[in-house]
Structure formats: structure tokens, C-alpha cells
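Trainee: Residue numbers (the working numbering), protein chains in the order written: chain A, 1 to 322; chain B, 1001 to 1312; chain C, 2001 to 2381.
Treat the hints with care, as some may be off.
Said to hold, decoys possible - Only pairs whose alpha carbons sit at most 25 Å apart, straight line, appear in this in silico DSS-like list of lysine-lysine: (1) B:LYS1148 x A:LYS150; (2) B:LYS1162 x B:LYS1231; (3) B:LYS1231 x B:LYS1220; (4) B:LYS1192 x B:LYS1220; (5) B:LYS1192 x A:LYS150; (6) B:LYS1162 x B:LYS1192; (7) B:LYS1148 x B:LYS1192; (8) A:LYS150 x C:LYS2375; (9) B:LYS1220 x B:LYS1243; (10) B:LYS1148 x C:LYS2035; (11) B:LYS1117 x B:LYS1192; (12) C:LYS2298 x C:LYS2327; (13) B:LYS1117 x C:LYS2298; (14) B:LYS1139 x C:LYS2035; (15) B:LYS1139 x B:LYS1117; (16) B:LYS1117 x A:LYS275.
No lab work stands behind these hints, which were simulated from the structure alone. Computed from a prediction, not measured in an experiment: that's the story for all the values here.
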Amino acid sequence: MHSQPLSQVPGQTQVTPIVAFHEVSKWYGNVIGLNKLTIRILPGVTALLGPNGAGKSTFLQLATGQLFPSQGTVSVLGQSVWNNPSLNRFIGLCPEQDAFYEWMTGRDFLNTCARLGGMNRAEARDATSRTLQAVGMTRHQHRPIRGYSKGMRQRTKVAQALVHDPDVLFLDEPMAGTDPVARRDLMDIIQRLAGEGKSVVVSSHVLHEVQSLTPNIILLNHGRLLAEGHFRQIRDLIDTHPHHIVLICDHCRNLATRLVAWEDVEGIKVLPGDKGLMVETRSPDAFYARLPQLSLENGLLINEVYSDDDNLEAVFRYLVNK
Amino acid sequence: MSQETSGQPGVLFQLEAVTKTYGAIRALDDLSVTVPPGAVGLLGPNGSGKTTLIRTLLGLIPVDSGSGQILGMDFRRRQLDIRREIGFAPEDECLFPRTDGVGFVAYAGELVGMSSKSAMQRAHEVLDYVGLGEARYRKVESYSTGMKQRLKLASTIVHDPKLLILDEPTNGMDPAGREEILHLAHDLAHNKGINLLFSSHLLPDVEAVCDYIVVLGAGKLLTQGYIQQLKQVHNRCFEVRLKSDGSLFAQRLAEFGYSTQCHEDLLLVQIPEGGSQQVIWRTAAEQNLQIRYLRPQRSTLEQVFLNALEHG
Amino acid sequence: MPIFDQGYQHWSGRLSGHAWRWLAVTRHGVRAGLKNRFLRYLILAAWVPAIALVLVLCFWGLIERRSSLVSTLIQFLSFLQPGIITSPRDFRIDIWRLSYSYFLRSELWFSMIVIFLLGPGLISQDLRFNALPLYFSRPLRRIDYFLGKLGVIVAFLAMIMIVPSIVAYILGLAFSLDITIIRDTFGILLASIEYGLIVSLSAGLLMLALSALSRNSRYVALLWAAVWIVGGVVSLVLQSVDSEQRRYAYYSKITPPPVMARSDSPSRQERAAQMRAWRRARERANTEYRLGELEFSKRDWRPLVSYMADLSRIGQQLLATNETWEKLSRFEPDPQSRDRMLANYMGPEFPWYWSAAALIGLFGLSACILNRSVKSLDRLK
């Protein structure tokens, strides 16, 4: 039976962050990894984003207790994570690199990981079967890992992170090099884990996948925290880039004359072929509020409306490239 | 630039009943496919035969049976000629060790048969194009991932090939680097008249760059076609996203005979015959709701791909 | 139009045919090799024997012409036999042969070190940085790749063995101003070029094979050191274990000077005479032992274990050095000093075709290793 971590002491109403960094800095010689990072990750699925060299790997290594911060404190589930092996029972890590015992079969490897995690033989056997089922590797469990494809290796890595049923899961580029089928399966696994109440921190470069997983992001750049929260809220806060809203309509130039009278509209561009308009505005809320009324007027039916840069890629680009 | 190649002008490459086995594994299973020129995406799960197909086209491996031609040349006979007309960027990280950027690209050109002067001149030209400025004088081991991929791309176009084959070019790159590579690939394929065969697992990348796709599975052809045609538009079905809760909205629409369905954070509205988006706007105006997204439903490339896998 | 397109331009040049593709690989490798500082210094050092060779040949040319420039130095050559000074032209071939033989022997050492510095990275770096797909996805066959890499080693060894041979020949010719030299000595030049090529190709292919075995060029360097140094040491040990026994047999035949009792009281001259006689007997035993060793070496297989010994034996055969020493020794007036000369200077006499077989065997093994290690891209992953 696992012992209860401190953060789940009943009676506490405030939501405890699963990962808390307080003014954490880490440098390697002269090279800075993280620079005075303070962040609290709440339960749920969170995405960790950033360009190369932003400090994501350093963050994950600090959070899993593999590195000691040069400054500041790191705590996971309310406890300090450095030199705390009993905490590892509640943490699962799926690292970016492959580090398997290549001669073992998938089942052997998972079994070994389960036993190393402290389970007895029967528990380990059950946990292994269950986890293999969860990641969809039951068919290949008796083949040596040497012969696995990239997708199978990724699934095995996620499996070894799950086999001891952790509360917090750290995934470093889990979908790198996998085909869409494996990717869909991994995303389903993550959604299911979130549904079961586990917390997942995913670090990835593939933004459109991250967007399907979760809207909560942490954006790092040059070792510093650039933004955190729901990415749509972040988008609303980006002042320097007005929102681009695309309207597809039949009589777009008429629509344009009406729109240009609105004060919050800063710019209107006619799309090639007179297909529609691209409107720039800094107050999307006010804009969207007035739009349905406008569409009902004669001849101004708006066939389509969508925002060009309401996605994670645009947010990333605006914040990182300034 | 090279000897005349015979063959139909409207065909990029063509395979007829090609089979290739490695021991017990059939990497290519009686595969027949004809692909038009342009920007072509090659999709397929792991183990579907994409790598084997590319190597067959390059004439690097002998096939057990079947025939085919690429750019008008028979890949069973004219292997070396084929590789002069094609630029291939392999998937894994690969470098000529201990050279600087220009030396790398110039050497790559010399290996295809360029004279050392042409290779050097051309190396600088393509390095300008891919955006490696002063970095070209540094040793290649010191490059970041994005720079290495751009360098690889430069080394494949140095001899001005007719067909560029890119195998997972955005593997492991950060979003900025990915955008650059995709932009370059798109530019080369659409504006500079170089044919492109783009093999990738990242479907949005393929969609951003290619017009035509070929989907393989277990060594067989599952589907092929122009992306715009494969992605069906459901004319009468619209995806709607509101700023706030839409249950009242959905109820109201249902009264008008517009059936609705919830899908993730979107509302799928089916417009009956004779109806239009007008009703949707009116309902939103009545209830003071903001419509943030209104577009006809289109299947995504991912759905096309997964459907093809299921039916294959 | 006034603004020019800065984007991608098409290229309309010609691509060369297939035959010279290996040259691109060689050029690239030579340029990379020359960047290595130690290698550059080593090449400079390797030219010292070449300079010595040039000096000897030019000097000999001047002696032949009895030029006044060297008349003062001739008296220092009194250690040579008088016949050589009086009629130098008779000994021309021999002197040239011996000079070339010493030159090539020292250059053999330098070659081994050059290959030690240059060779390990040739293929192992390509394996480590995964450059092979870049090579083979271009119109390059495996044979072009191997020839190109081999060409790098051949180019460097040619720089220290073949080119100096030719330059020394021309300069020696220039200093003797005698056209008949060509007729006499051209064979020597050909033999030394042949030898240079044999060393380059054999050692080059062996080094390429070793380089293809590992991704880490330090292990390859160790392997090369093992083949070269350890092979030599093992061969020497094997030989000396055997020969020590025989030497003992010879030496045991000499009776040591008898210990004289005080009462006999030999005079100092007597004792000195005895010591001298004993020393002479020991020298004679030594010479006999060495001649006996030469005889024995005709059947001895042990030197074959040493790679360098194999190569030297071939060189010795090509330049006919043993015959030259025999011929020179005939001019010795005194049979004992003749024997001593032979014993000191002659090389081992086991059949050269044994060495040739060993080298060919190594050549074949290297080719097999290269074939297995550097696979073309015809495989599943």
C-alpha cells in the first residue's frame, strides 16, 4: 500500500500544486539552464513548451530529482524532490532518450521496472499485464526490445513510467518520431490518465498535438518563464499583436465599409479574390459581441468566421519572436 | 544539365507490381502506383514500406520482382543516373565529419560530379538560400539541430536536382525551425519548379507543403489523391464554437430543425435543405452570444489517413 | 529588370562522368589530413632521410667525376675499401642500391607512424557521424568510396616514399652528369617505386579495414599499434627464444681463460696475450653464430608474424640488397673480416614468397572485412 503524500492530507481545501519551483536557477559552468524560475503547476494536464535551449529538459530533470538546483527550491507533491527516493513511487518519467536493456523482451523490462519500484512478484505481474494492455503492447510483449520500431519504443517508455501507477507523470517529447496511429493512442492514454485524476506534464515541440491535449501551457525561453496559463487567455493578453479575424462573405467590401466604422477595428484587409476580409482588432470581445447583429443585416451574411492566430502556434510565435 | 530523360511528362514516378522481401518480411507487396509531378506527400505507419519505397526509387536496393521508372528512368538499370537527378535528405542525423558548412555542401556537390569550382560557387548560393549566413564557416559539429537540417537541405539541392526527397525533415525540431524548413520546402516545390517527395508522420507538415498524397500500409497502396479532393467538405454541416455555454443555443437551433451535436469544444450543426447560416447568427444575436468560430466541417488529413488505414 | 531575384537559382552546369568520382573523396581526405599539425610535422621529419639520400647520391656523383669539390673529403673515406675509391663506377650500382635500401627502411618506419596518425579516422569517423547514407545516396558506388579513402593513404605515403625517391634520382643524375647511370640504376628506381606502392596498398587497405571495425578512432589506432608493434615484438621474442639456445651452443665451445694459480705466476704479457686470444675466439664464435643464424633464417617462419618484417623482406628482395652485400664482401681481403661483414649487414634470408603470401593473405582479409563492415543501404532499417 502506498503511503499518502503530504499534499493529500484530508481537510486541505486549497489546491496544492503538484510541482512547485521557487526562484530556481541552474547553471552548468557558465551556461544558464534556468534563471530564477518560480512556477506552480496545478493538477491536470499541462504542456511545457519552448524553443531549443529554453530549459525544458533542465526543468524536467530538476522536477524529477536528477539535478540539484544551483539556487532555489523544487518540490513535487509538497515534498522536496532531491534525495527523496520514496517520492519516486508517485512520480513517473518518460525521458526523451531511449535507454533500454535491449536484449530483454518488453514484458521482462516492464516486470523489472515494476519489481525495482518495490512491488512483489504477483503485484508486478499484474501491473505489467495491465500496463501493457493500456499502452497497446500486449501483442509484442515477448519480442526483444532490440527489434522494436520507434512507436513501440515510445509506448514501452510510457509503460515503464506508468507501471507503478504514479500520481504525477512527466513526459519528455513522448510523440517524437511516432506515426499518427501511435500518436493517437498515446494521446488517448494521456486523456484517460487525466480523467482518472492523475497529473501529466508534457514537454513537446509539436504544437498542434499539444493543443489537442490541453489548453494549459507553460512557455519557457532562455531559461525564464515567458507565459503560463490557458493559451487563449494568453492570446488575449498579447497587446503587441492585434487579433486577426477572418470573415468569409459574399459582399465583403460592403461589409468592410460597415466594419471600418467600428472603433475597435484597427485594420481591414481584403483577401485575394474578394473571398472575404481579414480584420485586425485589439478588443476581440467587443468585436465578436457586435458581429451577430451585423450579420443579420441585408446582404451581409457572414458565411464563415474564424481567427487566424487563435492557435498555439501563433501564440508561441508571437511570444518567442517578440 | 543532364541527358534527356524519356517517359511521360505527366508522371513523377511509377511502380508496377513491385515486390521486395527481407527474409520473412514483405517490405513492398506487389505495389503499383503512378504519381503525378509536383509536391507529393508519402504517408504511412511505421513498417509500411516508405523507407523501402524511397530506396527503391533511388536505385539503392534491387527488387525481387516488378518494374518501374522515376523521372523517366528505369530504376533497375539506371541507378547512378537517377541519383544524379535526385536530391535525397535521409532521416537520421548525418554529417561529413570535421568540415565547415561550405566545405560540407561543396563536398556533397563534388560527390555528385560537379567540378570543385562549380561546387564551391553553388554551395555559397544555396547556403544563402537556406539562410545559413556566417555560420557556414564554422565546423558542422557545432551546429544546432535546426541548422543541421537546413545544411542537409542545402547539400541536397546543390546540384539542382529535378526531384527532392525529404525523409522526416522536421524530426525533433522546435517550432521555429520547423516553420523554416516547411517554408523552404514549400518554396522549392511551388515557386522554383522542383518536384518534391515529402515523407513524414506529421500530417500538418504534409498538408502545409504538399498537394498530393500517397498512403502506404504494410507494403501496399492504401490510397492516393489530391489533398483537397480527399478532404471532403460536408456542405451542410458547420462547426460552431461559442464563447460561453451553448446548451440553450443548441436547444433553440433544434427548434428550427437544425440538429446539433457536441464534439470536443465544438458544436456540429446540420443545416437542413433551404436553411442557411442566417439562423445561426440570429439565434446568437437573440441570446447575446459570441460566435468565435463558424466554418463548414472538413475532414482533416488525419481522418483521411486513419480511414485509409482502417479500410486497407 | 533592375531588382534581381535573391532566391533559389537553377544551375545549368555539367556533371562529370563516373570514373573520377573517387578523386573527390581522396582530395577531401588529403585536405582533412593536412589540417593535422602533427601529421604535417611528421611529413617534414620524414623528408630528412630523403635529404640524406640526395646528399649521398650527389656526393657519389661528385666522387665519380673526381670533382675537386670532394677531393678533400675523400681522405675521410679511407674506411672504405681501396677498390671503391679507385674505380667508383664499378660500385655505382651497389652504392645506389644500398642508399636506397637504407632510405626505404627508414621511410617504412615513418610510413607506419603516418598511417597511425592519419588512418584511424578515415572510415571510423564516417561511421560515427553516420556519413555513409550521405555518400551512398549519391551516384557513388562502394568501390569508389574505398578507392577514394585508400587514395588518401597512398597519397601521403607517396609523398614520403615515392616522390623523394624520384627527386633523389633526378638530383643524383644531375650531379653525376653521366647518362649511363640511367641504364645501370633505373631498375633501382623502379624497384623502389614498386616497393612504395606495395607498402601503400597493403598497409593502406589493412588500415581501412581496421578503421571500418569501430566507431571510435582511438580503438582503431590501438589495433594498428597492436598489429605493427605487438606483431614485431612477438616475432622477435619467438625468434630470440630459439636463437639464444643456439648461441649458447656456440659460446660453450669456447673455453674461458684458465684460472691460473698464484704459483704459476704468468707474466703480464702472457696474461694479456691469453685475454686477447680469448676475445678473438669469442668474436669468431659470434660471427660463426651470426652466419649460422643467417643459414637458419632461410627456413625460419617466425619473422612472418611481424608485419614490418614482411614488408622489409619484400623490399630487400626487390632491391637485391643481400646480393649487394655479398658482392661487397668479396673485396675484403681477409676471410674473417669478410664473414664479419656478412654477419653484420645481411638481412634474413627466408624465402620472399612466404612474405608475399602473408601480405596477400592480409590483403584478402582486409578486403573481406571492408565488404562486411561497410554495407550498402540494402537492408530493412
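Trainee: Are the hints correct? Go through all of them and say.
Mentor: Outcome of the hint check:
{"no.": "1", "hint": "B:LYS1148 x A:LYS150", "verdict": "holds, 22 Å"}
{"no.": "2", "hint": "B:LYS1162 x B:LYS1231", "verdict": "violated, 29 Å"}
{"no.": "3", "hint": "B:LYS1231 x B:LYS1220", "verdict": "holds, 21 Å"}
{"no.": "4", "hint": "B:LYS1192 x B:LYS1220", "verdict": "violated, 32 Å"}
{"no.": "5", "hint": "B:LYS1192 x A:LYS150", "verdict": "violated, 34 Å"}
{"no.": "6", "hint": "B:LYS1162 x B:LYS1192", "verdict": "holds, 10 Å"}
{"no.": "7", "hint": "B:LYS1148 x B:LYS1192", "verdict": "holds, 23 Å"}
{"no.": "8", "hint": "A:LYS150 x C:LYS2375", "verdict": "holds, 22 Å"}
{"no.": "9", "hint": "B:LYS1220 x B:LYS1243", "verdict": "violated, 45 Å"}
{"no.": "10", "hint": "B:LYS1148 x C:LYS2035", "verdict": "holds, 23 Å"}
{"no.": "11", "hint": "B:LYS1117 x B:LYS1192", "verdict": "holds, 24 Å"}
{"no.": "12", "hint": "C:LYS2298 x C:LYS2327", "verdict": "holds, 19 Å"}
{"no.": "13", "hint": "B:LYS1117 x C:LYS2298", "verdict": "violated, 57 Å"}
{"no.": "14", "hint": "B:LYS1139 x C:LYS2035", "verdict": "holds, 13 Å"}
{"no.": "15", "hint": "B:LYS1139 x B:LYS1117", "verdict": "holds, 21 Å"}
{"no.": "16", "hint": "B:LYS1117 x A:LYS275", "verdict": "violated, 50 Å"}
Checked against the numbered hints above, the structure breaks hints 2, 4, 5, 9, 13, 16 and satisfies the rest.
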